[in-house]
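*Asks:* In order, the protein sequence lines correspond to chains A and B.
For the first sequence, this note's numbering begins at 1 and goes up steadily by one.
For the second sequence, this note's numbering begins at 1001 and goes up steadily by one.
Calculated directly from the structure, the hints in this document are not laboratory data.
Any given hint might turn out to be false.
Capping the alpha-carbon separation at 20 angstroms, the derived lysine to any residue pairs in SDA-like fashion look like this [to be verified]:
1. A:Lys-176 with B:Thr-1235
2. A:Lys-155 with B:Thr-1244
3. A:Lys-57 with A:Ala-36
4. B:Lys-1176 with B:Asn-1140
5. B:Lys-1221 with B:Thr-1235
6. B:Lys-1186 with A:Tyr-232
7. A:Lys-148 with B:Thr-1211
8. B:Lys-1176 with B:Lys-1186
9. A:Lys-198 with B:Leu-1049
Number of protein chains: 2
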Amino acid sequence: MRILLTNDDGIYAEGLCALYEALFFEHEVYIVAPEAERSAVGHAITIHLPLRVSKVKRGKYFWGYAVSGTPADCVKLAIYELVGEVDLVISGINRGANVGVNVVYSGTVSAATEAKILGYSAIAVSIDGYEDLDYCFAANFIAEFLQKLPLKGLKTPFCLNINFPSVNPSRIKGIKVVPQSQAKLKEFFERRYDLHGKVYYWQGAEEHTETNPETDVVALKEGYITITPLHYDLTDHSMLNLDTSKLSLV
Amino acid sequence: MRILLTNDDGIYAEGLCALYEALFFEHEVYIVAPEAERSAVGHAITIHLPLRVSKVKRGKYFWGYAVSGTPADCVKLAIYELVGEVDLVISGINRGANVGVNVVYSGTVSAATEAKILGYSAIAVSIDGYEDLDYCFAANFIAEFLQKLPLKGLKTPFCLNINFPSVNPSRIKGIKVVPQSQAKLKEFFERRYDLHGKVYYWQGAEEHTETNPETDVVALKEGYITITPLHYDLTDHSMLNLDTSKLSLV
């Protein structure tokens, strides 16, 4: 397969390299990724600044295009200019889970959603942790996923959001296909003072308030690999019967 | 009602001011908006930089908080720190339509979606044009909307994406409640050379490829005010039956 790799941790991220190493032997792999970290950029695109591209080489085989934009920019630029048609876009492997409402803020996931918008199947890959991550297990799982799943039988373009628990592989409980949790995060702002006595705020989030085990948030926390199929239809179809007859236009 | 106003064109934008003027007489209106334009930021949030807030005064009555972050940051910071509980969040009035896949990239819409995530009802308001916009008509329509629609009867929190055609109000054909178009944009990158001979790209989009009149894209183009109820469930529920039994964990 012709596979485009991208991420939101930047082209030098370990997770991207692990995916490359697990895939390059069997697939034609192209890399177009942000030149530096672009976490929590959501589905931002760069329309008020020009985009710069540079070639980056790492090690013997690995080279790619570093882009001065967001993950969504990288996918568009790859498809329209740098790489052309591909069979699959893979975004990751992200440091930190992308489940629940965090899916909305995620640059990693937005790259995969962007691929689907453009008509290409995509997978977003994340690990639920920040230290001592086993990228190899996740990368090899994705390689096996591409071999074993009847991807051609799936409705295309598909967009799958896959999250791995950060535990020893022997302790992973299984694989669950689950919906995105809609529960709120516990969030807060920490008010601080700078050296001139002026206020600034740090934005933080503690954890999800979700308790339903049949959601990405809880299944991941319980030790399952979670797979959530995504789309980009933001229509709340249950409300399309809204009555506007009382409104006048004058 | 206690109403929070925000936008992605920045606190000095004309559209925000028009909404304020149409609403402040009957409602308690608070303004928390980006200190400068933040178009196409999608649902980005600021977690790697501190947020700064300053008070901005315009004219006799109008004052608000200018935030060094994105529209979604503004809503979070308003609710958690600056304003507290509100009855409704209104984002806009945006210069330029937010319909079809552009909803995914829109900072204006993401502020409204963020409100819904936090449990507050919200309306995103945009006009399909960039020059000589009649903000007054749209702002007054929203004021009337709040009076006449049985908002308390609606499933809450709701999130409505309202777009106005940029035509003389007498030529508006009516109001349509329609889903978000899923059709692709016609996009392109323009390759240019800087003064040092180095390549850069501008990202551009021409128009939607949608033809179905029962979508936001086409209804707006045909001269209707469009209302699209939104949610933030990105799960493709039609694919939750994905078979993973062939995958092994070793």
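*Asks:* For each hint given before, does the structure comply? Return the numbers of the non-compliant ones in rising order.
*Replies:* Checked against the structure, the hints that fail are numbers 5, 7, 8, while the rest are satisfied.
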